[in-house]
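Asker: So the sequence lines, in the order shown, correspond to chains A and B.
Oh and the first sequence: position 182 is 182 in the working numbering, straight run, nothing missing.
Oh and the second sequence: position 161 is 161 in the working numbering, straight run, nothing missing.
Do not take every clue at face value.
As the list claims (entries may be wrong) - Reference listing, derived: stretches of chain B covered by chain A, where coverage requires no fewer than 3 residues with Cβ under 8 Å from a Cβ of chain A: (1) 189–201; (2) 209–222.
What the hints assert, rightly or not - Not everything, but these chain A residues come out facing chain B in the computed CB check (under 7 Å): (3) Phe36; (4) Leu46; (5) Phe69; (6) Met90.
Note that these hints are calculated values from the structure, not bench results.
Glycine included, C-beta positions come from ideal geometry on N, C-alpha and C.
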Amino acid sequence: MAVDHCSLDIAAGEICMIVGPSGCGKTTLLNAIAGFHEITSGSITLDGNVLCNAAKPKADPGSDRIVVFQNGALFPWKTNLENVKFGPAMRGIMSKAEITEKALGMMADAGLAGVEQNFPGEVSSGMRRRVEIVRALMNDPKVLLLDEPYRALDSLTKSVMHEALLEIYYKNKVTIFFITHDLEEAIFLGHKVAIMTTRPCKPKKVLTIDIPHPRDYGVLTSKRFRELMEETEEIVHEEALKAFEAGEREN
Amino acid sequence: MSSTAGGASLRARGTTLGGRLKASAVDALNFRAGRWLRSSKPYLALLGFALFLGFWYYAVEVARLPRFKDLPGLTVVVREWLSRSPVYGLSIFTPEYYKHILISLERVGWSFLVSTLVGVPLGLFLGWSRTLKEFAFPIFELFRPIPALAWIPMSIVLFPSTESSILFLTCIAPFFATTLNTMLGVESIDSAYMRAATCLGASRWQVFRHVIVPGAMPFIFTGLEISMGLCWFSLVGGEMLSGNYGLGYMIIDSFMNISYPNIVIGMATLGVVGYATSGMVRILGNYMMRWRMRELALGGRS
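The shape of chain A in the complex, shown without the other chains (with noise of 0.2 Å):
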């Protein structure tokens, strides 16, 4: 069993960062959100309507609620720009120059502009992120899932995009659910962020972030962001802890 007993109401426009170990169970409940795992038992429900029940344990997978993979499912064989361009392209809500117009503009807004014609195979994984989470973008989702998306970067490239993603945000006011283990990443970023217990994986402690938006860099050496950091660090590590000597196998 992965997630036991899990409740947790998020806000629309809301970001909110789930901090667990490795290996309790985070990503199963964003699978369970997307529609690739089924339920057991409660309820997910979307604006009010159930995505997931006991009669209906799977979600339908749709682009109201789209993921951002944790190593990045853009696919290699097509350029940035196709990749952007996928899910309208495929949906067929928009004549073809539309969806290129949006597309161009959409990449240029987060930094992209001059790799639309390259692989991502060819460019930063920083900037693969970024294209990636445009892709998702394109299709006006309602939620954004992140499956730690930034797990894979240094963290020079990774306070980089922080600020990439807030900047994003306060241009598409998007739900957001992302799942990191980096405390401090989810202080600066969210506006709720709810601590994990290990496998089977509970909310811990749900707190709200009251450092106000927009928010930048200095937060992270304001007073207030140190607080929050002392409140949290230590039932994050008793976590961590409880999670090494279970011996959690990495997802």
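Using the hints, position chain B against chain A.
Answerer: This is chain B only, laid out in the frame that chain A set:
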């Protein structure tokens, strides 16, 4: 803070999830296609040839080693191959020679085409549909070890003409190689790609076209290179038995007529033509997978 458009509230109430997460198959992409990117070292290749030819010359004509001295020597073969009026009737100046080459090439072309056109779609569907795999794969695996030689009697009964019989026999081994490699190619695709495509709104058929087919390409082309070699392999055996034109026939006929230099000419020609046709498949593969070529050129830089 309040939000307007673009947001949605998400509630998870008392959810309990069971079962293990399905582990995604990590791909083991074959880097054969990338070898072309290494800057060619023609000098080493020439040195390799020189050493081989030198040994042949030395063993047969100079040192006259026990078994080797009965073989046709390097100078004899080269003189024959390049002479305007060859003693044994075959050289680069005789039309007969090219007739043999073209007939073999034509047969290989047909067998490669048929085995590819049947094998690739079958492999794709075997990888894509679990039901089909459960239904068809056991039969497939049962037939796969049966070599073309064992099919000769069946082939004579089933096919009216010698030519179609030969074609059938030469298609067998390449077909199995292509199908198997294609199927493995599909299975090697990381499931994250398929999930991503699905949540972006692609239908099952769109996932097949935009994810499965391009994703399996590296394995497909590995299979095609192997199958090209198998086409030649199967062909020569068939030609030796069938008794009309072709490089295989030329070799066995030269043996019967005691024109030994022609055997070596035939073998060398097979080598050159086989290398060239495999090279063509590789070049086609590189063209269709430009994304991979560019990625490998950068050393897979992240």
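Asker: Hint by hint, which ones does this structure get wrong, listed from lowest number up?
Answerer: none
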